[in-house]
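K.L.:
Residue numbers (the working numbering), protein chains in the order written: chain A, 1 to 419; chain B, 1 to 568.
A portion of the hints provided could be inaccurate.
Within a straight-line C-alpha distance of at most 20 Å, the following computed EDC-like cross-link-like pairs (lysine to aspartate or glutamate) qualify [claimed, not checked]:
id: 1; chain 1: A; residue 1: Lys201; chain 2: A; residue 2: Glu164
id: 2; chain 1: B; residue 1: Lys86; chain 2: A; residue 2: Glu268
id: 3; chain 1: B; residue 1: Lys464; chain 2: A; residue 2: Glu326
In case anyone wonders, no lab produced these hints; they're calculated from the structure.
Quick caveat: nothing in here was measured; it's all calculated off a predicted structure.
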Amino acid sequence: MIIPDSDLWVVGDETLGEHLQRRGVSRRSFLQFCAGVAGVLAAGPMAAGRAHAAPTAASIADSLASMTKPVLVWLQLQECTGCMESVLRSGATTVEELILNLVSMDYNELLMAAAGTAADEALAAANAQEHILVVNGSVPLKQDGVFTTIAGRSAEAILRESAEKATAIFAVGACAHWGCVQASRPNPTGAVGVDRVITDKPVVNVAGCPPVPEVITASLVYTLVNGTPPPVDGQGRPLFAYGDRIHDFCPKRGRFDAGQFVRTFDDEGARRGYCLYEVGCRGPDTFAPCPILRWNLAQDWPIGAGHPCIGCTEVGFYDRFTPFYEVLPDLKAPGTGVEADATTVGLVGLAAVGLGVAAHAGATAVQEHRARTAAEKVFLPLVGEVPTRDLRPDAGAGPPAQQPAPQPPEAGTEKEDDR
Amino acid sequence: MSEKVVIDPVTRIEGHLRIEVLAEGDQITDAWSQTTQFKGVEIVLRGRDPRDAWAFAQRICGVCTVVHAIASIRAVEDALAYPVPKAADIIRNLVLGSQMVQDHVIHFYHLHALDFVNVAKVPEADVDAAVAAAVALEPNYALNSVGRFQAVQDQVRRILESGQLSIFTNGYWDHPDYRLSPEVDLIAVSHYLDALVWQRDMIRINTIFGGKNPHPNFLVGGMASAINMDNELTINQVKLDQLQALVERTLTFVQDVYLPDVVAILGGYPDYLDIGRSSPNFLAVGKGVYNCAGYPAPPNGFRPGVILDGKLEVVDLDLDRIKEFATSGWYRYPQEGIGLQPWDGETEPQYTGPVPPYEWLADNERYTWSKAPRYDGRAVQVGPMPRLLSAYVQGEAETRDDLDPLLRQFGATPEQLNSTAGRILARAVEAVQIARQLQGWLDDLVTAITSGDDRTFNPDKWEKETWPTESKGVGFAEVARGTLSHWVRVNDGFIENYQAVVPSTWNGCGRATEQLGPYEQALVPHPLLRPEQPLEPLRTIHSFDPCQSCGIHVLDVSGAEVAWAQVQ
Numbered sequence: 001m002i003i004p005d006s007d008l009w010v011v012g013d014e015t016l017g018e019h020l021q022r023r024g025v026s027r028r029s030f031l032q033f034c035a036g037v038a039g040v041l042a043a044g045p046m047a048a049g050r051a052h053a054a055p056t057a058a059s060i061a062d063s064l065a066s067m068t069k070p071v072l073v074w075l076q077l078q079e080c081t082g083c084m085e086s087v088l089r090s091g092a093t094t095v096e097e098l099i100l101n102l103v104s105m106d107y108n109e110l111l112m113a114a115a116g117t118a119a120d121e122a123l124a125a126a127n128a129q130e131h132i133l134v135v136n137g138s139v140p141l142k143q144d145g146v147f148t149t150i151a152g153r154s155a156e157a158i159l160r161e162s163a164e165k166a167t168a169i170f171a172v173g174a175c176a177h178w179g180c181v182q183a184s185r186p187n188p189t190g191a192v193g194v195d196r197v198i199t200d201k202p203v204v205n206v207a208g209c210p211p212v213p214e215v216i217t218a219s220l221v222y223t224l225v226n227g228t229p230p231p232v233d234g235q236g237r238p239l240f241a242y243g244d245r246i247h248d249f250c251p252k253r254g255r256f257d258a259g260q261f262v263r264t265f266d267d268e269g270a271r272r273g274y275c276l277y278e279v280g281c282r283g284p285d286t287f288a289p290c291p292i293l294r295w296n297l298a299q300d301w302p303i304g305a306g307h308p309c310i311g312c313t314e315v316g317f318y319d320r321f322t323p324f325y326e327v328l329p330d331l332k333a334p335g336t337g338v339e340a341d342a343t344t345v346g347l348v349g350l351a352a353v354g355l356g357v358a359a360h361a362g363a364t365a366v367q368e369h370r371a372r373t374a375a376e377k378v379f380l381p382l383v384g385e386v387p388t389r390d391l392r393p394d395a396g397a398g399p400p401a402q403q404p405a406p407q408p409p410e411a412g413t414e415k416e417d418d419r
Numbered sequence: 001m002s003e004k005v006v007i008d009p010v011t012r013i014e015g016h017l018r019i020e021v022l023a024e025g026d027q028i029t030d031a032w033s034q035t036t037q038f039k040g041v042e043i044v045l046r047g048r049d050p051r052d053a054w055a056f057a058q059r060i061c062g063v064c065t066v067v068h069a070i071a072s073i074r075a076v077e078d079a080l081a082y083p084v085p086k087a088a089d090i091i092r093n094l095v096l097g098s099q100m101v102q103d104h105v106i107h108f109y110h111l112h113a114l115d116f117v118n119v120a121k122v123p124e125a126d127v128d129a130a131v132a133a134a135v136a137l138e139p140n141y142a143l144n145s146v147g148r149f150q151a152v153q154d155q156v157r158r159i160l161e162s163g164q165l166s167i168f169t170n171g172y173w174d175h176p177d178y179r180l181s182p183e184v185d186l187i188a189v190s191h192y193l194d195a196l197v198w199q200r201d202m203i204r205i206n207t208i209f210g211g212k213n214p215h216p217n218f219l220v221g222g223m224a225s226a227i228n229m230d231n232e233l234t235i236n237q238v239k240l241d242q243l244q245a246l247v248e249r250t251l252t253f254v255q256d257v258y259l260p261d262v263v264a265i266l267g268g269y270p271d272y273l274d275i276g277r278s279s280p281n282f283l284a285v286g287k288g289v290y291n292c293a294g295y296p297a298p299p300n301g302f303r304p305g306v307i308l309d310g311k312l313e314v315v316d317l318d319l320d321r322i323k324e325f326a327t328s329g330w331y332r333y334p335q336e337g338i339g340l341q342p343w344d345g346e347t348e349p350q351y352t353g354p355v356p357p358y359e360w361l362a363d364n365e366r367y368t369w370s371k372a373p374r375y376d377g378r379a380v381q382v383g384p385m386p387r388l389l390s391a392y393v394q395g396e397a398e399t400r401d402d403l404d405p406l407l408r409q410f411g412a413t414p415e416q417l418n419s420t421a422g423r424i425l426a427r428a429v430e431a432v433q434i435a436r437q438l439q440g441w442l443d444d445l446v447t448a449i450t451s452g453d454d455r456t457f458n459p460d461k462w463e464k465e466t467w468p469t470e471s472k473g474v475g476f477a478e479v480a481r482g483t484l485s486h487w488v489r490v491n492d493g494f495i496e497n498y499q500a501v502v503p504s505t506w507n508g509c510g511r512a513t514e515q516l517g518p519y520e521q522a523l524v525p526h527p528l529l530r531p532e533q534p535l536e537p538l539r540t541i542h543s544f545d546p547c548q549s550c551g552i553h554v555l556d557v558s559g560a561e562v563a564w565a566q567v568q
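So that you can see chain A by itself, here it is in the shape it has in the complex (with noise of 0.2 Å):
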């Protein structure tokens, strides 16, 4: 087993590179953790490269070395405490490493120490400070936010007291994105995520159902190594995990170009590690960095133990990518090597994307950056239609529209070249 040898730095008059001098911590070791971090940072190569230098292993230690703690309040608002566990789960800075070392984190429900008065005290005077916001869960918004309290408030006050001084927002999984399960058709509670709520600062998104583990956490280290939060694209994601396609890097990719499918789970396709695309898959159409970092300190990722992605870091999955197990209408001919026409894809995904913007009335340093990361990127169409995410009272009300039936590729031009 192995366990981390962290220690920490004293805060006042010593910085972290003075401290583990101190300790008798070689930069060369320090420089160890770092490229740790670097690699994490670097997952997603061709978006890290065309928008920001990924951080070197040496320029992360120069700048976590000059540091002191920053204060770090984690709420958990409508959610399922998922995204906790997958902190939980992180192996690169692991959350030991980020609690105890890196941040003073002062409030947080899942695991700090006090309770009632005493632990809404500690979120009053942290708030009272600047600090690093960490939303899990999301804001249900109808009948005056009844659907979740904490100390009496409701999450969107409770919200809107911890971003006032805040100076890097991060709204982690997909509740706190766009509201994830609760907020799908119908939308009982009004749930919404937390950039409907906070428009007046950026927000960042890391997205999934939950994140991948060191994603979460790398995204914190990230800004307190640059000291400002990652380049996200059109929907505020970071680039450094959100920026290419699970089909890009899917490892069964090669299975989809030459035809090799699984038409039914644990049929002989299956048994050979065929693509999923017949049975449902969503990684064409899904940003996630799965198949390059993986889970569970990189044993393995949904796909790869042979079930198709369900998309979870795209806006609206559970009603835009359901049914789970049907085809993905928009993919072009297998076998092709191009699956979409990227004009024609970048319109589409524009304009879905303009739709959010303009939501964010008064956001203007926001939509700006959007819309410069939004052209950079091409998006895919989506299964169903863009959600909206209306508010209006009888928004979602009658019954779930039909999903659209999923349209198998046309014999001849197709498959024509499925081998």
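Following the hints, position chain B against chain A.
P.N.:
Same frame as chain A, but now just chain B:
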């Protein structure tokens, strides 16, 4: 004159729980358990493909993360009369079992221990004495070393001296009822950190079959992880070897560290075998991890049933006696005060509490998002303790062998398991039992594979054309926090209605049938020395391992007006 005391948020739990109590002197005289979060996942499930349901239901809770998916696929398989290959059953048990052991360990060290362990005393510990004590207690554990303990002590000291206490901010460190020696405090904090490392490693049992954790993937009709010993991308010898190593490490930690730590820490708080006594009614349909499609049939060595009114005998389960009430919950029932059996349930959310922000809820008749299940009108406890108590009463050999020495050591009776300390002890014993069983299941899997029984999925009922037009199903599972059941009605290929009856509803509900819910009963009466530092009630509430996201749900099995229409 009684004092109103509010504990909100109750931290170190899953979900949002608020406890209100009345205190007189140093005793709690009345208590209300209030779930303050509602998501409506069951409403969202209506109209969906039943094969997708597990992926929705799973997100009810990310701590349990496996259990709602399992109960969901069992319910759907019951509705579709869908048999599952043997290897898939074994794999599900390996995934559920490993997650459950992990869950118990995380609960003890990371969610519960700080109620008993004083971090602020760690710098006072004599490291050599702590090592000597730890080695005597846990001779097989390599990290009970001077180097390790010294590093942990230094780390804690620096945090405390820095003034930036992180997760220890505002803890009740000056409370006089922290009773352990600084040496035991140091051992526990060191193992708190070790357990974080351990759980990251052993949970890869989930990853091998489900691709990730939290929220691994499942499949109606089997499991998606195909077995082919002659392919590099499937379950093969490499994966089986990895599983063997992971199963061994799982058992080693719970057997050599977790259970001995629990015994040592409870040794400082023996009076908690008489504190936190709750409802004398208990329900269990099997030992931990037992899961089934349809109503529970007696598995080998266990009789599904209830223990009623403290009389230590197991009475056969009669599911028709399970009824849910909305007496104290924010729901509207067709007839107030009349309970409904899950198949016939009809519930609409109807919030009647104050508009937030609010100070006090307990003056209202309705004060929680939890409904109140009752068995034959009785509030019932579920969880590791009721499971073990039931197994013990039935004379199940493994449980007798595991529990008897511990009961002797504490000078306790089986009845005293119904207590704060008893629930903690039972959870640790159960973790050891399940960790042992993991090896058994892995052996079963290897045997199945070598005998050619290696199918992981049954394609026969996958297509909708093979389904009945109308059907209903139920799935049961004995999961980390107790008895879980999911109930589904399928109509013309889509989910017509869905309901989950979950452990934290049983344990964490409010008043109904003129009885307090189990959390509430456990707190009345209860010591509370300092109302501003509610350390003692937290010990007892945490002993139930609250999981409040699970404890909220809505159903409309009858097909009447859809509940969500009223929510707006």
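K.L.:
Now tell me if each hint is right for this structure.
P.N.:
Do the hints match the structure? See the list:
1. A:Lys201 <-> A:Glu164: holds, 9 Å
2. B:Lys86 <-> A:Glu268: Holds, because 19 Å separates the two Cα atoms, which is no more than 20 Å.
3. B:Lys464 <-> A:Glu326: holds, 12 Å
Going through the hint list in order, the structure satisfies each hint without exception.
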